[in-house]
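With the hints as a guide, dock the two chains, each given alone in a separate frame, to form the complex.
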Amino acid sequence: MNPRILGATIARVLRQLKHDHRTVALVVVVPIVLLLFVHALFSDSPAAFDRIGLAMLGIFPFIIMFLITSIAMLRERTTGTLERLLTTPMNKADLLFGYGVAFGVAAAVQATIATMAAYWIFGMNTGAHAVWVILVAVVNAVLGVSLGLLASAFARTEFQAVQFMPLIVTPQLLTCGLFAPRDQMAGWLQHISDFFPLTYSVEALRDVGINPSPTSTYWTDLAIVLAVVIVALVAAAATLRRRTA
Amino acid sequence: MGDLTNPASAISVDELVVTRGRKAVLHGLSCCVEAGAVTGLLGPSGCGKTTLMRAIVGVQIVQSGTVHVLGRPAGDPGLRARVGYVTQAPSVYADLTVRQNVWYFARVAGADSSTVDRVIERVGLVDEADQLVHDLSGGQHSRASLACALVGAPDVLVLDEPTVGLDPVIRAELWDFFHELAAGGATLLVSSHVMDEATRCDRLLLMREGDIIADDTPDAIRAATGTADLEQAFLRLIRAEASE
Ligand SMILES: Nc1ncnc2c1ncn2[C@@H]1O[C@H](COP(=O)(O)OP(=O)(O)OP(=O)(O)O)[C@@H](O)[C@H]1O
Ligand SMILES: [Mg+2]
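The listed protein sequences correspond, in order, to chains P and B.
The numbering used here numbers the first residue of the first sequence as 1 and each following residue consecutively.
The numbering used here numbers the first residue of the second sequence as 1 and each following residue consecutively.
Simulated from the structure, these hints should not be mistaken for laboratory data.
Note that the structure is predicted; figures quoted are calculated from it, not measured.
Accuracy of the hints is not assured; some may be wrong.
In the SDA-like style, the derived pairs of lysine to any residue whose C-alpha atoms are separated by at most 20 angstroms in a straight line are [to be verified]:
hint, chain 1, residue 1, chain 2, residue 2
1, P, Lys18, B, Gln131
2, P, Lys18, B, Ala129
3, P, Lys18, B, Asp95
4, P, Lys92, B, Pro77
5, B, Lys23, P, Thr244
6, P, Lys92, B, Gly110
7, P, Lys18, B, Arg99
8, P, Lys92, P, Arg241
One-sided and incomplete, this derived list gives chain B residues near chain P with beta-carbon spacing under 7 angstroms [claimed, not checked]:
hint, residue
9, Val17
10, Arg20
11, Val57
12, Ile61
13, Arg80
14, Ala81
15, Ser91
16, Asp95
17, Leu96
18, Gln100
19, Tyr104
20, Arg107
Now the in silico label distances, taken between C-beta atoms and shown as ranges [said to hold, decoys possible]:
hint, chain 1, residue 1, chain 2, residue 2, range
21, B, Ser114, P, Leu41, 56 to 62 angstroms
22, P, Arg241, B, Asp216, 34 to 40 angstroms
23, B, Ala89, P, Thr170, 31 to 37 angstroms
24, B, Gln63, P, Val30, 24 to 30 angstroms
Beta carbons: idealized from backbone N, C-alpha and C, even for Gly.
Bound conformation, chain B alone (with noise of 0.2 angstroms):
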């Protein structure tokens, strides 16, 4: 793990030591994300997925360790227009429509404002495009907040629970998309605490207190565990681990 020399790995991550506030958050993290491929990070509750996430986009203090993503160290301001980053809350304006929100980090990316209708579709928020982001149910908000992400066609993007609260017909179609982008030559790692979401990964991280303790694609992970469920893989191992 943490192979920088490996050209397949879009993100490199190599024994990463983060503190929050007083507590030792990431403690010697080493791991790789495939390019091209859709990445799924997934632990309990407060194991630093986020914290993780914000070290790989950059705005994370790091105590030590390395991140880099494209070949450049995370953060390097080559790096801005080709990474996408979506909060675990959703990050947009409040006041504004959806459509000038997501003109708005069109124009800021660089992207085409053609883009822009295109994205909304893909996110289903077509009929309330025109509507102000705070009259959004909560599935629309994170939507329209993903839709600022896409917006810039990045070729590496951090999304952090981008799915929760949306309904399985409008997850399946959103990670539909993911295998496209990803099918396009994007890089992408998304946060989730939905099993059945872990299935629909090429690969999967897996962590627990901070440090990763499973990385592989899911059918290793059920056959090094010896279980069809994924759920049923993931307690096991993080029971293993706990047992330690």
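Chain P with its partners taken away, still in its complex shape (with noise of 0.2 angstroms):
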């Protein structure tokens, strides 16, 4: 990596998404109508809202950085630019963490003001402070970076690199403990969900939720998911080839 280009990668990536007045809205926007209606809807359930609102400040970013970062390295890919950058003293790696840390850089702000929503406006109730929860948001946000660089090698089009995001997120969503705790899940779909990071984040997010401070459960759960973003990034990067066909 060299830290010239990686920084300039970083600028660029966040110039472009400063440019798109419509992108950086409906990142700050969206999350916080999605709490208002959460809140709606359990509004004489405190608890519940705790619960569920608090787990939704995970998983936004992480659908709305995988979404992004697929379309923008999609782009890359079909513009032409990613086949002038390999040709230029550029690392993958450079282009790679250069998404990683624009997109999660981005992901901390809206990850910001999505929580301090959550707390002053819909009076969100966490054990640990909040800090740790952002923590959270962001590792999502960074996690959907990097499984969003890995698809979109998979995509042709901007059409279909969206298709992913449903058949990535929702299964994820559905088994993480959301809408149904873990335990009591039927057991092979338990173990299935073993094999989700979103499960972990989850997780984690409980563990703050309840406990006033982080605990090793939360600790461990950022690190599984860490190592899954690992993994992402390693494997995005085996996709992006210097010579082509």
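This is the structure:
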């Protein structure tokens, strides 16, 4: 990796995002609107909102960053900028980490705003400090970025890239413990969800939701999610070929 | 041709075989590109110009043969800072301004940021420098793409139809610039469909169906074909080849 190229790539990706006002607005506003819905849905059960709203704070960044990244990377491939970059001194890691860091920063801003809204507007309560919630949200965003980078290799059009979202996100969403506690699920389903990273981030959020400070479960869960991030990034690097037919 | 020992050639291609899809595009092509000169690459659409250029910059999977640039195998990491490539379709970020694009490629190439404005001026985009590429005209778009390759001041420039869609004035200015770069020691390989550009090259490579059918100076090609008009000369060469 080259710090100059990595830094330039982070700046470039953030500038692209900045020029896309609509996406910025969606990224910031949509989670708050959805929190409003969840809040209204559980208006007579604050405990349910504390549980479900909290899980959603981790899930938004994952979904949004997965979508944004897979489309941004697909554009690099289809507009020829990727081919051009691969003829320059840029390393594959410069590009992948450039996206990871830039969208990670964007996710940190988003998660902070959404988390503040959850606490101050909707009165969410957690055992531990909000910082731990934001940390999970950022790690989840980076997870979305890395899976998005990987998924883009398997899509030829933006239309296809969008189709990957339900494929990759929905199974994780259904089994992560948000809709039904994991220990009440069928055994085989529980085994499948053991392989889904979102399961661990939702567990980490629950951990700081009920405990006054993060326990070892929290840190183990975060480590597992980060391990998945690394595997996805290595796989994404393998799909970036300098030479193509 | 394909003389690897020739010190005057910056690019040497030897017995290059490339298959794309199920089509054999290049079948044992050999050629050299002289250092410090502007070489034109001409030939009918689909003859393999882009494929050859992709092999030279090291992004094309090749079946056999060798390509050397500045004495190193094409695509060698040591070459990446020394070779600039402009793809046929403009490859810049549409959601960034011209200046932001050029700045980014300058940083990636390790060039000084002070060169950014100079290059933007040379491609004639001063008034558009802070406009999003998305909002540029077709010709402005391809000049933005050209600027991004020029900003690194590479020793070898591979330009795939860089002047397509440009008016004669800007085209003439860019060709002056290409010759300035060559005079400064750079090697340029420029593909084109426009005959008046062929006359401005120091040397020409004429391709047909994946083979080089002429490799000479414009004057020598005119003399050999017995016509003062390069367009006529090319048609004669291509027809003579086709009837063989
Ligand atoms: N990705 C690809 N897969 C399969 N075949 C391809 C691919 N790209 C190009 N070809 C084929 O390879 C041949 C050479 O293409 P190439 O792009 O090198 O031509 P060209 O000389 O640059 O043409 P033009 O002047 O129109 O740009 C063409 O017959 C084309 O159909
Ligand atoms: Mg071409």
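Consistency of the hints with the structure:
1. For the suggested pair lysine 18 (chain P) and glutamine 131 (chain B), the alpha carbons sit about 15 angstroms apart, so the restraint of at most 20 angstroms is met.
2. Note on lysine 18 (chain P) and alanine 129 (chain B): the hinted pairing holds, with a Cα-Cα distance of about 18 angstroms set against a maximum of 20 angstroms.
3. A C-alpha spacing of about 9 angstroms is found between lysine 18 (chain P) and aspartate 95 (chain B), which places the hinted pair at or below 20 angstroms, so the restraint holds.
4. Restraint check for lysine 92 (chain P) and proline 77 (chain B): satisfied, since their Cα atoms lie roughly 12 angstroms apart, inside the 20 angstroms limit.
5. For the hint linking lysine 23 (chain B) to threonine 244 (chain P), the alpha-carbon distance of about 15 angstroms falls within 20 angstroms, and the restraint holds.
6. Of the supplied pair hints, the one linking lysine 92 (chain P) and glycine 110 (chain B) holds, its CA atoms being roughly 16 angstroms apart against a limit of 20 angstroms.
7. Note on lysine 18 (chain P) and arginine 99 (chain B): the hinted pairing holds, with a Cα-Cα distance of about 15 angstroms set against a maximum of 20 angstroms.
8. Between lysine 92 (chain P) and arginine 241 (chain P) the CA atoms are separated by roughly 9 angstroms; this keeps the pair inside 20 angstroms, and the hint holds.
9. For valine 17 (chain B), the interface hint is violated, the least distance from its beta-carbon to any beta-carbon of chain P being 13 angstroms, above 7 angstroms.
10. Proximity of arginine 20 (chain B) to chain P holds as hinted, the smallest CB-CB distance being about 6 angstroms (cut-off 7 angstroms).
11. At its closest, the beta carbon of valine 57 (chain B) sits 5 angstroms from a beta carbon of chain P; the interface hint therefore holds under the 7 angstroms criterion.
12. Hint on isoleucine 61 (chain B) holds. Least Cβ distance to chain P is approximately 5 angstroms, under the 7 angstroms limit.
13. Nearest Cβ of chain P to the Cβ of arginine 80 (chain B): about 5 angstroms, under the 7 angstroms cut. The hint holds.
14. Against a cut-off of 7 angstroms between C-beta atoms, the interface hint on alanine 81 (chain B) holds, since the closest Cβ of chain P lies about 5 angstroms away.
15. Taking 7 angstroms as the C-beta contact cut-off toward chain P, the hint placing serine 91 (chain B) at the interface holds, the least distance being around 3 angstroms.
16. Contact between aspartate 95 (chain B) and chain P, as hinted, is supported at the beta carbon level, the nearest pair being about 5 angstroms apart and thus within 7 angstroms.
17. The beta carbon of leucine 96 (chain B) comes within 6 angstroms of a beta carbon in chain P, closer than 7 angstroms, and the hint placing it at the interface holds.
18. Satisfaction of the interface hint for glutamine 100 (chain B) is found here, the shortest Cβ-Cβ separation to chain P being roughly 6 angstroms, below the 7 angstroms cut-off.
19. This hint holds: tyrosine 104 (chain B) has a C-beta 5 angstroms from the nearest C-beta of chain P, less than the 7 angstroms allowed.
20. Evaluation of the arginine 107 (chain B) hint against chain P yields a held restraint, the C-beta minimum of about 3 angstroms falling below 7 angstroms.
21. Checked against the given bound of 56 to 62 angstroms, the beta carbons of serine 114 (chain B) and leucine 41 (chain P), roughly 57 angstroms apart, stay inside it.
22. Separated by about 36 angstroms at the C-beta atoms, arginine 241 (chain P) and aspartate 216 (chain B) satisfy the suggested range of 34 to 40 angstroms.
23. A C-beta distance of roughly 36 angstroms is found between alanine 89 (chain B) and threonine 170 (chain P), which places it inside the suggested range of 31 to 37 angstroms.
24. Under the hint 24 to 30 angstroms, the C-beta atoms of glutamine 63 (chain B) and valine 30 (chain P), about 50 angstroms apart, miss the expected range.
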